[in-house]
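Peer 1: As you go down the protein sequences, you meet chains A and B in turn. Per this note's numbering, the first sequence starts with residue 8, numbered consecutively. Per this note's numbering, the second sequence starts with residue 8, numbered consecutively.
In case anyone wonders, no lab produced these hints; they're calculated from the structure. All residues carry an ideal CB built from backbone N, CA and C; glycine is no exception. Be a bit skeptical, because a hint or two may be false.
[Said to hold, decoys possible] In the DSSO-like style, the derived pairs of lysine-lysine whose C-alpha atoms are separated by at most 30 Å in a straight line are:
(1) A:K34 / B:K144
(2) A:K85 / B:K16
(3) B:K173 / A:K27
(4) A:K27 / B:K27
(5) A:K100 / A:K16
(6) A:K60 / B:K134
(7) B:K27 / A:K66
(8) A:K16 / B:K16
(9) A:K16 / B:K134
(10) A:K60 / B:K60
(11) B:K169 / A:K69
[What the hints assert, rightly or not] With the Cβ distance kept under 7 Å, some of the chain A side facing chain B (calculated, not the full set):
(12) S14
(13) L17
(14) L18
(15) V48
(16) L61
(17) E64
(18) D78
(19) I79
Number of protein chains: 2
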Amino acid sequence: MYVNKFSSKLLDNAVNEFAKLPGIGRKTALRLVLYLLRQDVEQVNMFGEAIIKLRNEVKHCKQCNNISDNDICEICSKPSRDHSLICVVESIKDVIAIENTNQYNGIYHVLGGIISPMDGIGPNDLKIDLLEQNVAKGDVKELIFALSTTMEGDTTNFFLYKKLNKYNVVMSTIARGVSIGDELEYTDELTLGRSIVNRTPFESSI
Amino acid sequence: MYVNKFSSKLLDNAVNEFAKLPGIGRKTALRLVLYLLRQDVEQVNMFGEAIIKLRNEVKHCKQCNNISDNDICEICSKPSRDHSLICVVESIKDVIAIENTNQYNGIYHVLGGIISPMDGIGPNDLKIDLLEQNVAKGDVKELIFALSTTMEGDTTNFFLYKKLNKYNVVMSTIARGVSIGDELEYTDELTLGRSIVNRTPFESSI
Numbered sequence: 008m009y010v011n012k013f014s015s016k017l018l019d020n021a022v023n024e025f026a027k028l029p030g031i032g033r034k035t036a037l038r039l040v041l042y043l044l045r046q047d048v049e050q051v052n053m054f055g056e057a058i059i060k061l062r063n064e065v066k067h068c069k070q071c072n073n074i075s076d077n078d079i080c081e082i083c084s085k086p087s088r089d090h091s092l093i094c095v096v097e098s099i100k101d102v103i104a105i106e107n108t109n110q111y112n113g114i115y116h117v118l119g120g121i122i123s124p125m126d127g128i129g130p131n132d133l134k135i136d137l138l139e140q141n142v143a144k145g146d147v148k149e150l151i152f153a154l155s156t157t158m159e160g161d162t163t164n165f166f167l168y169k170k171l172n173k174y175n176v177v178m179s180t181i182a183r184g185v186s187i188g189d190e191l192e193y194t195d196e197l198t199l200g201r202s203i204v205n206r207t208p209f210e211s212s213i
Numbered sequence: 008m009y010v011n012k013f014s015s016k017l018l019d020n021a022v023n024e025f026a027k028l029p030g031i032g033r034k035t036a037l038r039l040v041l042y043l044l045r046q047d048v049e050q051v052n053m054f055g056e057a058i059i060k061l062r063n064e065v066k067h068c069k070q071c072n073n074i075s076d077n078d079i080c081e082i083c084s085k086p087s088r089d090h091s092l093i094c095v096v097e098s099i100k101d102v103i104a105i106e107n108t109n110q111y112n113g114i115y116h117v118l119g120g121i122i123s124p125m126d127g128i129g130p131n132d133l134k135i136d137l138l139e140q141n142v143a144k145g146d147v148k149e150l151i152f153a154l155s156t157t158m159e160g161d162t163t164n165f166f167l168y169k170k171l172n173k174y175n176v177v178m179s180t181i182a183r184g185v186s187i188g189d190e191l192e193y194t195d196e197l198t199l200g201r202s203i204v205n206r207t208p209f210e211s212s213i
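For reference, chain A alone in the conformation it holds in the complex (with noise of 0.2 Å):
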């Protein structure tokens, strides 16, 4: 079924919208778009409203360039949080993640990409100087580079490293090893072959 003839021009306008969506393509455009026109006219216009809002209501946190609502996001304006430490991610994405581990109490810096001279991202266009300028307050102790293990990552690591290097501060990535309930059978060379040269003393790990 081909989508493009429509008896409404409001119709393929909606449709149109929906349909420039990453992986939507028109006919799950036109399937959504006839779902909302089901739903109730309030129901409708607080979708519409929400989207609009977000994009022209939401703010970078002055601090880390984490999503917010304020200036200072709600991470970083917890006193609870451990200022000294800073987990440094490429996206938000990465941010929900990690808190939803639990595990990580310390706060983050989202660059908002990572260098890819494929896609023409260079370091400028990462919020790199705004990490810098928290690093040489001084106060930061240490930063734990949380990026993909792709060669994009390992540059960008390797950028950071190097720019970061003349201040006082501990630098880690996090570990890369064979992943909890994978069976070692399964596992690719090179993960198999890191975690061994990165083995933790057996006290630790449990």
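Given chain A, work out where chain B should sit, using these hints.
Peer 2: What follows is chain B alone, placed relative to chain A:
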């Protein structure tokens, strides 16, 4: 990754709204919302407004119940279309599918559903009265029932047949048979059986 914790209420709202759409979970919702956050403000406003406008301003054609920007839809208001031939369909999706064949020059009647006691949908929930009014005017010569070949579709066909039989109108259903391009070997017995019973004279099929 559980995506239940956000540092931003605005983000939370937008994700919740997206996650209400059918087939979209919280993870996909977050992905779409983060995508929208990276777009221009105007772009996102257009998206939100297209949806709100659609729901608030779209009308249903007073003649055929198709979706429309005006009181009478584009199809019904075209004088070149055969107004004595009505194709009865379940939803606007079917109108789009049939329009895309470029094989039909009559008008439509959109029931807005099919009779389905399991889902609590009875004849009164459908736009059957409107269809009867149109037929009662006497200008309609033929009704084509183009509903799904399910028990619900057959029930609706039968109900419409009983209700409209008193008027001087020919009623037919679309042909069921082996799909074009399908191999007989892989066609289900019911379809194959029906296609033999309802065989068409060779000359008319070319």
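Peer 1: Next, verify each hint and record whether it holds.
Peer 2: Hint check results:
1. At roughly 37 Å between alpha-carbon atoms, K34 (chain A) and K144 (chain B) are farther apart than 30 Å, so this suggested pair is violated.
2. Annotation: proposed proximity of K85 (chain A) to K16 (chain B) holds, straight-line Cα distance about 16 Å (limit 30 Å).
3. In summary, the hint linking K173 (chain B) to K27 (chain A) is not supported, as the alpha carbons are separated by about 49 Å, beyond the 30 Å threshold.
4. Annotation: proposed proximity of K27 (chain A) to K27 (chain B) holds, straight-line Cα distance about 19 Å (limit 30 Å).
5. Restraint check for K100 (chain A) and K16 (chain A): not satisfied, since their Cα atoms lie roughly 36 Å apart, outside the 30 Å limit.
6. A hinted pair counts as satisfied when its Cα atoms are at most 30 Å apart, and K60 (chain A) with K134 (chain B) does not qualify at roughly 37 Å.
7. Among the hinted pairs, K27 (chain B) with K66 (chain A) is consistent with the structure: their alpha-carbon atoms are about 25 Å apart, no more than 30 Å.
8. A distance of roughly 34 Å separates the Cα atoms of K16 (chain A) and K16 (chain B); the hinted pair therefore is violated under the 30 Å criterion.
9. Of the pairs offered as hints, the one joining K16 (chain A) and K134 (chain B) holds, with about 23 Å between alpha carbons and a cut-off of 30 Å not exceeded.
10. Of the pairs offered as hints, the one joining K60 (chain A) and K60 (chain B) holds, with about 16 Å between alpha carbons and a cut-off of 30 Å not exceeded.
11. Between the alpha carbons of K169 (chain B) and K69 (chain A) the distance comes to roughly 70 Å, so the proposed pair goes past 30 Å and is violated.
12. Interface hint at S14 (chain A): satisfied, since its Cβ lies 4 Å from the closest Cβ of chain B, which is below the 7 Å cut-off.
13. The interface hint given for L17 (chain A) holds, since its Cβ lies 5 Å from the closest Cβ of chain B, which is under the 7 Å cut-off.
14. Checking L18 (chain A) against chain B by beta carbon gives a least distance of about 6 Å; that is within 7 Å, so the hint holds.
15. Interface restraint check for V48 (chain A): the shortest CB-CB distance to chain B comes to about 6 Å, inside 7 Å, so the restraint holds.
16. The criterion of a C-beta within 7 Å of any C-beta in chain B is met by L61 (chain A), whose closest approach is roughly 4 Å, and the hint holds.
17. Interface hint status for E64 (chain A): upheld, as the beta-carbon distance to the closest one in chain B is roughly 6 Å, under 7 Å.
18. Taken as an interface hint, D78 (chain A) does not check out: its beta carbon lies about 13 Å from the nearest beta carbon of chain B, beyond 7 Å.
19. Interface hint at I79 (chain A): violated, since its Cβ lies 10 Å from the closest Cβ of chain B, which is beyond the 7 Å cut-off.
When held up to the earlier numbered hints, the structure conflicts with 1, 3, 5, 6, 8, 11, 18, 19 and fits the remainder.
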